[in-house]
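Undergrad: Heads up: the protein sequence lines correspond to chains S and A, in order. Straight run, no breaks: the first sequence in my numbering ends on number 1416. Straight run, no breaks: the second sequence in my numbering ends on number 1416.
Hints were generated in silico from the structure; no laboratory data involved. Quantities reported herein were computed from a predicted structural model and do not represent experimental measurements. Be careful, since some hints might not be right.
Okay, the calculated bits of chain S under chain A, using three or more residues with CB under 8 Å as the criterion [said to hold, decoys possible]: (1) 1206-1218; (2) 1278-1291; (3) 1382-1388.
To list a few chain S residues with every Cβ distance to chain A over 10 Å, as calculated [to be verified]: (4) Trp1229; (5) Leu1377; (6) Glu1399.
Not the full set, but computed from the structure, chain A residues with beta-carbon under 10 Å of chain S [stated by the list, open to error]: (7) Asn1223; (8) Ile1381; (9) Asp1385.
For glycine and all other residues, C-beta sits at the position ideal for the given N, C-alpha and C.
There are 2 protein chains.
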Amino acid sequence: MTRVRLDLNISLDGFATTTDQTPENPFGDDWGRLTAAYVATRTFRRRVLHDESGSGTTGVDDAYAARYFEGVGAEIMGAGMFGLHLHGDDPQWRGWWEDEPPFEVPVFVLTHRERPPIEMANGTVFHFVQGPAAAVLERAIDAAGGADVRIGGGARTAREFLREGLVDDLHVGISPVILGDGIRLWDDLRGWERDYEATSEAAPDGVMHLTFRRRPRD
Amino acid sequence: MTRVRLDLNISLDGFATTTDQTPENPFGDDWGRLTAAYVATRTFRRRVLHDESGSGTTGVDDAYAARYFEGVGAEIMGAGMFGLHLHGDDPQWRGWWEDEPPFEVPVFVLTHRERPPIEMANGTVFHFVQGPAAAVLERAIDAAGGADVRIGGGARTAREFLREGLVDDLHVGISPVILGDGIRLWDDLRGWERDYEATSEAAPDGVMHLTFRRRPRD
Chain S
1199 MTRVRLDLNI SLDGFATTTD QTPENPFGDD WGRLTAAYVA TRTFRRRVLH
1249 DESGSGTTGV DDAYAARYFE GVGAEIMGAG MFGLHLHGDD PQWRGWWEDE
1299 PPFEVPVFVL THRERPPIEM ANGTVFHFVQ GPAAAVLERA IDAAGGADVR
1349 IGGGARTARE FLREGLVDDL HVGISPVILG DGIRLWDDLR GWERDYEATS
1399 EAAPDGVMHL TFRRRPRD
Chain A
1199 MTRVRLDLNI SLDGFATTTD QTPENPFGDD WGRLTAAYVA TRTFRRRVLH
1249 DESGSGTTGV DDAYAARYFE GVGAEIMGAG MFGLHLHGDD PQWRGWWEDE
1299 PPFEVPVFVL THRERPPIEM ANGTVFHFVQ GPAAAVLERA IDAAGGADVR
1349 IGGGARTARE FLREGLVDDL HVGISPVILG DGIRLWDDLR GWERDYEATS
1399 EAAPDGVMHL TFRRRPRD
């Protein structure tokens, strides 16, 4: 049975985005602090950075990183995550990930612009599709062929799928940092958790891993 | 060495207060959901409800509840937590806790009104004092005689002491519920965590216990 999964790193104060980008420091420092535990994992290093040396952490954080990639048959992401807000006018733009994006499955990029699909060598195919969210999800579920669909982000896309009740499994890695500003993941979601079973696990670096799993309907 | 401690239950979205009180349900349901794990502990049942039967949970949540009461020599709380916002005009008001408040130490209640101190049988003495926070803290440190000082709450008092950098140890029990409204503990505290070491621990009920401990100064 396909499950719809969402996986994000958020700050202690609930922000899924950062705001300290400058022209000199285009990612800012906060993004690094928010994702430090994930980026340090062996799984991230292998899957995203193509580092096959076996370096990286192998503890609790890595177990969640590994699960992030397991059993996913299709991905949905917002236009901003693919880079269209900055590079949408460039017909050659193929995303941030160069020749080997870490997805290795069909990826549905939500955008109002028509773009031809982009097929990469490693199984990743970017399809550019228009919402609504539920309709795109149906396409992604078809494409996943029984495997799971992951909502990749960014924050606005994640919130849309959460608000519409489309997510079965939510995992957040909560970093013990206070960002003070950004897009709050939990806004307007009062009581959202009532249909879910919550479990939590702590990593030695202070990161808290919280998982909500939708309860079977009676 | 006295440490200044703060201990709160907050929601996943960072609220330290609830907003669903009605005349028919004066505490609301959310407060119960926010504090359920703490209230279920053996320590809470013994110390606050004077239940000596040994009933209550004895796991991770209880370990934090026990620590809450250990080694505290004085407490500071806001006027609202003592009940002065509702009962300040009643000179007979002695707080919510009847004859045996769970504090058993001097308690400094922040208020602009002059009130004579109230001495209870079990070592609890309520002193009514005016800020600023740092000056009240000095009095409480004196009264604690080398033991710790706990900032008891409520949310506004907690935030004031955090903002002024007066807290050495902060423990929050983060319940996996989304409240959507209230007083946010983390507002205006961007970067507050930089002087602290964070550790986290998960309870089987999904509550995440996060502790910030101030790093020794070089």
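Undergrad: All hints are to be evaluated individually against the structure, with a verdict given for each.
TA: Each hint tested on the structure:
1. For a cut-off of 8 Å, the count of residues in the segment 1206-1218 of chain S with a CB near a CB of chain A stands at 3, and the three-residue condition holds.
2. Under the rule that three or more residues need a Cβ within less than 8 Å of chain A, the assignment of the segment 1278-1291 of chain S is violated, with 0 such residues.
3. Only residues whose beta carbon comes within less than 8 Å of a beta carbon in chain A count, and the segment 1382-1388 of chain S has 6; three or more means the coverage holds.
4. Its beta-carbon lying about 15 Å from the closest one in chain A, Trp1229(S) satisfies the requirement of being farther than 10 Å from that chain.
5. Non-interface status of Leu1377(S) relative to chain A is broken: a Cβ of that chain comes within 10 Å, the nearest being about 6 Å off.
6. Residue-level check failed: Glu1399(S) sits 5 Å from the nearest beta carbon of chain A, not beyond 10 Å.
7. A least Cβ separation of about 16 Å between Asn1223(A) and chain S goes past the 10 Å threshold, and the interface hint is therefore violated.
8. Among the interface hints, the one on Ile1381(A) is violated; its C-beta lies about 13 Å from the nearest C-beta in chain S, farther than the 10 Å criterion.
9. Contact between Asp1385(A) and chain S, as hinted, is supported at the beta carbon level, the nearest pair being about 8 Å apart and thus within 10 Å.
The structure shown violates the earlier hints numbered 2, 5, 6, 7, 8.
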